[in-house]
Amino acid sequence: MRKVAVVGVGETRFSGAQEKTEVELFAEAASDALKESNLKPKDIQALFMGNVLGDFSEGQGMVQSFAAENIGCFNIPANRYEGACASSSMAVRDAFVWVASGFYDIVLAGGTERAATMGTPLATRTFAMFSDSRYEFPSGITFPGVFALLAHLYAANYGIPLERLREQLAKVSIQSYKYGNLNPKAHFYGKYADLTVDKVLSSFMVASPLTLHDCCPFSDGAAAVVLTSEDVAKKLTNKPVYIIGVGQASSGPLMNQQEYLPRLRAREISSKQAYSMAGVKPQDIDICELHDCFSIASLIAAEGMGFFEFGTSGEAWEKGKADIGGQIAINPSGGLKAKGHAIGATGAGQVYEIVEQLRGEVEEGRQVEGAKIGMTDTLGGEAGTLVNLILQRGW
Amino acid sequence: MEYKLTFKEYSEALKKNILLGLKCKDCSAITVPPKMACRSCTSTKLETVELKGNGKIRTFTAVYVAPEGRENETPYTIVLVELDDGPWIMGNLIDIDPSEVTMELIGKRVRMTHKVFPGDKYSAGGAARPLFSFEKQ
Chain S
1 MRKVAVVGVG ETRFSGAQEK TEVELFAEAA SDALKESNLK PKDIQALFMG NVLGDFSEGQ
61 GMVQSFAAEN IGCFNIPANR YEGACASSSM AVRDAFVWVA SGFYDIVLAG GTERAATMGT
121 PLATRTFAMF SDSRYEFPSG ITFPGVFALL AHLYAANYGI PLERLREQLA KVSIQSYKYG
181 NLNPKAHFYG KYADLTVDKV LSSFMVASPL TLHDCCPFSD GAAAVVLTSE DVAKKLTNKP
241 VYIIGVGQAS SGPLMNQQEY LPRLRAREIS SKQAYSMAGV KPQDIDICEL HDCFSIASLI
301 AAEGMGFFEF GTSGEAWEKG KADIGGQIAI NPSGGLKAKG HAIGATGAGQ VYEIVEQLRG
361 EVEEGRQVEG AKIGMTDTLG GEAGTLVNLI LQRGW
Chain U
1 MEYKLTFKEY SEALKKNILL GLKCKDCSAI TVPPKMACRS CTSTKLETVE LKGNGKIRTF
61 TAVYVAPEGR ENETPYTIVL VELDDGPWIM GNLIDIDPSE VTMELIGKRV RMTHKVFPGD
121 KYSAGGAARP LFSFEKQ
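Sequence order for the protein chains is S and U. Our numbering puts the first residue of the first sequence at 1, with every later residue one more than the last. Our numbering puts the first residue of the second sequence at 1, with every later residue one more than the last.
With the rest of the complex left out, here is chain U (with noise of 0.2 Å):
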């Protein structure tokens, strides 16, 4: 069976800032990011929708120590965000200082664009990846 939506796809839909899932026929439950089954009911009866990006912190932390061939990058906030559309999602968070991020960031609500790895040389290219900022009062 074909994969409904590839890691390329998705991929080069955020380049765009458009944000790409998957919805079911039979239990229109949202997958992101994509997979072969629903999350929640398994069917691959699925279609390719565009979402929002839109949603509330649930978790985060400011990294210090980075992976081999990433270390200019650090200080970094990393995310995991609940959509609107249900999934969680993991990105970078901008808009504030990592050196400032406190328990405080829990339940806000922010919004997606995008920020592209370039990639390394393990991982088979580069990769778009969500960019959350907070949405404007």
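Isolated chain S, as found in the complex (with noise of 0.2 Å):
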């Protein structure tokens, strides 16, 4: 396999509902990889890219090949990932895969949504198709009851009081709101960072124990990268990121994981396949954009990857572990708590936030300083779609 670098980055604001269409969102942040990899529509070969509900949030099928064309990308083969909120992370990997093979050279990756244009009620209703149709909707599942089951589950496996495991998670969210609040690109930048523990457990109740606060936004927002083989890179920057590692793996519905909850073992799977590809261990990696959908999920995610042993994350959060200068920096972006979550963009963000961040390249106050290797961490579902990713910087 060769070494393949990303060269390129581009994302728009990830935002409440907003007027622009999903190709225009995507065609904004394509550019800007582009213009920052110093390459020409014609220089791409394939786009892969994420998007998750855009048949219902705008009527829109098959928006690649639009994309695509409408980024001046004519005729190449465009395809579409949909694997719930860890959609562009899968194609990022995909596009990882290839470009290793040495079947393309460039590759462009990335995705877009407009989660927040669909409004609470029909959002709700699209994120549960994540849930098993058939065999789970019908008890009227949702995306936060999915986490809500699991931290009530993770309290009584590890023996922590709930009220007490509600704080540790009201800290969660506050982390995330303070780098939010810093993010230009974030859903809330320049708000909530006058949080507090009370202020978010007296927020209104979504699904018990989670309140509004402990649950992501719904996003609208685009993210793309440019991925190429290492001699390219070297052509393009001086400044390439190489994707050292890629892990993926799938889960069925959360009932049937059963007796392994609320620890999720395909991202056991996934981020092991990603540490051992990249040859390094958890305590290497300098930072993380985990997802933090729900509070909880913080906490279940940084123990799936060995961050923290089972059970105490919650702690580690509390002492500052989790924090830019703690033992891991874990999302010094806001994460999708803050910076928002744009379900089909999600994963391309998260990369779009490692490597600007092994640039150095981030606001004063959410650098984490000297970083060299990142990692993602994207969920689709009920852990139904789970991707990791370790990024090094190349100089």
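Certain hints may be false.
To be verified - Here are a few chain U residues that face chain S, going by a calculated C-beta distance under 10 Å:
#, residue
1, 74
2, 77
3, 78
As the list claims (entries may be wrong) - From the structure, some residues in chain S lie toward chain U, with a derived Cβ separation under 8 Å:
#, residue
4, 42
5, 133
6, 136
7, 138
8, 145
9, 148
10, 201
11, 203
12, 205
13, 206
14, 208
15, 258
These are calculated hints, taken from the structure and not from any lab test. Yeah, the Cβ is synthetic: ideal placement off N, Cα and C, and Gly gets one too.
Fit the two chains together into the complex; they arrive one by one in their own frames, and the hints show the way.
Below, the structure written as structure tokens:
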């Protein structure tokens, strides 16, 4: 396999409902990524793109072909990836595989979504499509409901009093909002810097024990990254970021994961693949953008990737171990909870953040100084899809 | 290979308060909801069996924000129940006000009946789902 580099990245702001189309959003992110890469549209050999709910939000299917044509990548193969919230991480991973294999030299990957445009009722309905439609949805399961079930199970399994866990979860949200407040691309940029534990706990209940501020927002947005072979990368940039490890795994319905819960086996398999390929260990990771769709999801993710012992992540967050300057900097972008969750774009957005961090190009106050190795973690549905990527500074 | 126990057959039986599952002829494990392959050993030598539907609550949540079209059902309680036969299954819990659910629910014994979700424009029809109530002491 050949080495593969990220040579350029682009991202729109993640936001609430706005009026640009999914194609327009992606075109803005992609054109920024191409410009950074010193490439023209004709140089792109294929487009791999995450988009989950465009059929519902805009009545637009097969958006990837229109997106390719829109940015001037005429007639190239264009693939759409749908792995719920992990879609664009699947796209980036597949782009990696195709370039590593030698089939392509230059691939554009990314994603676009208008989750906020759908509004909460339709978004809640469509997000529930990533649970089992026959055997789970009839009970009225929602995406927050899935993680609420895991939160109570987490408290029971690890013997943590629920009130104590809820305070820890509130502190996870507060850390997310602290960095989202500083990130101009974040849905909650300039907001919620004054969030307190009391405010989190007293915001309205979505699915017990998770309140509004335990949950990510539905966001609109797009992100794009250009992947090339090492040879091509060296001609284009003096700051290539190499993808040194990738992993992906799947799972069936939540209830079929049963006694393994609240651990998510797909993440443990996926991250192990990525570590093994990269030849690194969890303690080698300087920064991680992980899938914190809900505050409890942060704890489960950090443990599944091996950053903290099972059942101890809440304490780790409280002690600053998951903060910049701690054991590992987790979600200095603000994560899904504060940067936002434009589902089909979220994974590529995580890659965008890691690349900017490794280059030392993010805003003061949320830059992880000297970071060399970064990791992404993206979860689709009830861990139906799980993707991990490990990236390393190439200079 | 013919699918042994389809969703439609499962759902129709549940409407009569009969919980159907699959018993593996190779390893005896019970699989429910039904699948092509045994959840334990992946054998496809499965026979349809009637299960009791009793078990204990492993986790729960009270849902306050519903999917589009189901707003009038809120609040409602969802539980994951570990059946005495082994598998975990998702359903709703009655017998308790959703605003009063606490961690004390975990471990409580329950028995199963059913309730029908009539379906919406995306669901390709309706479906019966498990409805749990507390076992009488």
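task: May I ask you to test the interface hint for residue 208 of chain S with respect to chain U, counting a Cβ-Cβ separation under 8 Å as satisfied?
output: 4 Å, holds
query: Does residue 258 of chain S pass the interface hint, meaning its C-beta sits closer than 8 Å to a C-beta of chain U?
result: 4 Å, holds
message: Given residue 136 of chain S as an interface hint, is its Cβ closer than 8 Å to any Cβ of chain U?
response: Constraint on residue 136 of chain S satisfied, holds at 5 Å.
field: Hint validity - residue 77 of chain U Cβ closer than 10 Å to any chain S Cβ
entry: Constraint on residue 77 of chain U satisfied, holds at 9 Å.
message: Quick check on the hint: residue 74 of chain U CB to chain S CB, less than 10 Å?
response: 8 Å, holds
message: Quick check on residue 206 of chain S please, does its C-beta sit within 8 Å of some C-beta on chain U?
response: 5 Å, holds
Cut-off 8 Å, beta-carbon criterion: hint that residue 148 of chain S touches chain U: 4 Å, holds
query: Per the CB criterion, is residue 138 of chain S less than 8 Å away from chain U?
result: With Cβ-Cβ at 4 Å, under 8 Å, it holds.
- prompt: Hey, does the residue 133 of chain S contact hint survive, CB to chain U under 8 Å?
  reply: 7 Å, holds
- prompt: Holds or violated: is the Cβ of residue 78 of chain U closer than 10 Å to a Cβ in chain S?
  reply: 5 Å, holds
- prompt: Hint check: is the beta carbon of residue 42 of chain S less than 8 Å from a beta carbon of chain U?
  reply: 40 Å, violated
- prompt: Quick one, is the residue 203 of chain S hint okay against chain U at 8 Å, beta carbons?
  reply: Violated, because the Cβ-Cβ distance from residue 203 of chain S to chain U comes to roughly 12 Å (cut-off 8 Å).
The earlier numbered hints that this structure contradicts are 4, 10, 11.
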